[in-house]
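S.K.: Chain residues, written in single-letter form:
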Amino acid sequence: MATADDLPMETIAGHNRKKTVAQILLGFFFGRPARIALLLIFIAMILVPIFYIAMTSLKIPIEIRTSGAILPKTGITFENYVKAFRNVPLIRYLFNSLFVAVFSTILVLCVAVPATYSMVRFKTGGAFLNAWVLGTYVMPPIVVSIPILAMVKMVSLQDTLIGLALVHTMANMPIAVWLIDSYIRSLPKELEQAAWIDGYTKFQTLLKVVVPLIKPGIISAGVICAILSWNEFLFALIVTYGVNSNTFPIGISRYTGEHGLQFGEMSAAALVGIVPIYILVLLFSRDVVEGLTRGGVKG
Amino acid sequence: MKEKIERYMPKLMVLPTFIILLIISLVPLIYVLGISMTDSTISKPFTDFIWFENYKQAFKDEVLGTSLKNTLLFAFVVTAIETFLGFLLAYIMRFEKKLGQFFRTLVLLPLFTPPVAIAMIWRLIYDPNQGMLNYYLQKWGISTAPIAFLGQTELALPSIMLADIWQWTPFCFLLCMSALQALPKEPFEAAGVDGASGSYIFRRLTLPMVAPNVLVIFLFRFLISMKVFDLVYMLTFGGPGNSTQVASFYIYRVAFKQFQTGYGGALSILMLILVSVLAMVLTQGRELIMKRTE
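Residue numbers (the working numbering), protein chains in the order written: chain P, 1298 to 1596; chain D, 116 to 409.
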């Protein structure tokens, strides 16, 4: 089925057996050319939509209305970007998103790192707490959205950035625990025991021994939680009402309603919010992949 | 005193998380359960206690039926395709180290693109007059007239599914990749020495060994995909008709657009029950399969 460097394609047990038609077909579909072709197709499928919206944002508005071709034919312009920033308070939305993402991520890490450490090392809460965390992640957020809004209103934080940041902190906490868990699990216990013998308290051990060792995990969880907060839609839609607290996703969702479908502006605005995420992802790609794949399967 | 703090330190460390879990899951659930038995609106919570009237209404609610059916259909189709493609890619990638390295980074882009922006991208792609899909379908002579992908009852849901598959296949891919990487090396080395063919190794070693983990990935993704909201909100707003009405969106509409928080609460509880039952059935089912194959 596969010609790997480490796996033999055919039997090497002495005699050459005749290949059946099925084997030849399999060899064709799973041979090297087919594999590369398949990967290239998927790479194209990932990139084409992103490339298309980038090109659309640079097209002259009249051309967008008349042709769906990917590449601009009548030259490029920054008109769409100028309009996007003029018609919608895009900078304000981006600032709001940034504030909420940074604030909630710092808070999430402050809460999740000690908790995960305690859950892994001292088995605090046992299997029950683990299941509760995972269950909270799997639970559809819409189910709790009515009381969340009621609680936010109760403390008068509706339509404020702090209110949304607190909601995001709570919503992202289970994911952070899930991501950090495997990093702490893989630490040798002896290091911490040595620290205890040296007279470190449990909290000091966490701060001075554990945290430096799981730095990649903290970075990974931090980047992922920040992006999830930046992208989050449902709670932002419910908890914020106006320009002062609307985040980027809510802000750009307005393009489809009030202004009709202005695809040029829409593409430009969407891209302005996408690019910072892509830069962040690519800068920390190694940690992010590591975090996701480590936490991956726990049976 | 100091000793006491030290003794209770592990519990103290978990305390904020515990409180957060209470605030975002247990307290809200009690609240929703309570409000679901009232005739509340968003401005007047907990008025007119009416016992199970909301639930009675829900069982007669055709839109609820449609939205649950759509949610399950959506979750099943996207999860099946995403897990399959994710596994296929993860398996292929093992043999293409260089391209694979690049691919592993690239997949992060769809996964972390804001769903609202993803919806905008696909809305543009699907647009009958300005979108690229119709443009190339017509240019290459596959269709003669523009197709309103999001405007036709039969096509709208599959169109949303495609956008979801674009976003989430990378997630399944990364998890499958980690499952494949976690396989022990010895059996494969032994098989190689014995001269087993690649396809034999795949069928008899790789697949059985990795299957339980792939099942977990399927399960996990299935439950998460039932949350779908953003794409529906941005692409079709539940329409045309109720053809893309999904549970999350319907609850949102009832509770926050029609302001019927009482009825919305009842719908929330029903959705929660559905998700929990599915979670239990699926995990139990997985364990049964595991036992049989042992």
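Treat the hints as calculated values from the structure; they're not laboratory data.
Everything numeric in this text was worked out from a predicted model, so none of it was measured.
Glycine residues also receive a C-beta, built at the ideal position from the N, C-alpha and C atoms.
It is possible that some hints are incorrect.
Derived list of chain D stretches under chain P, where covered just means 3 residues or more per stretch with a C-beta under 8 Å from a C-beta of chain P [stated by the list, open to error]:
{"id": "1", "segment": "162-174"}
{"id": "2", "segment": "265-276"}
{"id": "3", "segment": "342-351"}
Between beta-carbon pairs, the in silico distance windows are [stated by the list, open to error]:
{"id": "4", "chain 1": "P", "residue 1": "1583", "chain 2": "D", "residue 2": "167", "range": "23 to 33 Å"}
{"id": "5", "chain 1": "D", "residue 1": "243", "chain 2": "P", "residue 2": "1317", "range": "26 to 36 Å"}
{"id": "6", "chain 1": "P", "residue 1": "1382", "chain 2": "D", "residue 2": "302", "range": "51 to 61 Å"}
{"id": "7", "chain 1": "P", "residue 1": "1382", "chain 2": "D", "residue 2": "393", "range": "36 to 46 Å"}
Restricting the straight-line Cα-Cα distance to at most 30 Å, the calculated cross-link-like pairs of lysine-lysine (DSSO-like) are [claimed, not checked]:
{"id": "8", "chain 1": "P", "residue 1": "1420", "chain 2": "D", "residue 2": "406"}
{"id": "9", "chain 1": "P", "residue 1": "1420", "chain 2": "D", "residue 2": "126"}
{"id": "10", "chain 1": "P", "residue 1": "1486", "chain 2": "D", "residue 2": "342"}
{"id": "11", "chain 1": "D", "residue 1": "184", "chain 2": "D", "residue 2": "342"}
S.K.: Starting from the hint list further up, note which numbers the structure goes against and sort them upward.
M.R.: 1, 2, 4, 5 and 10
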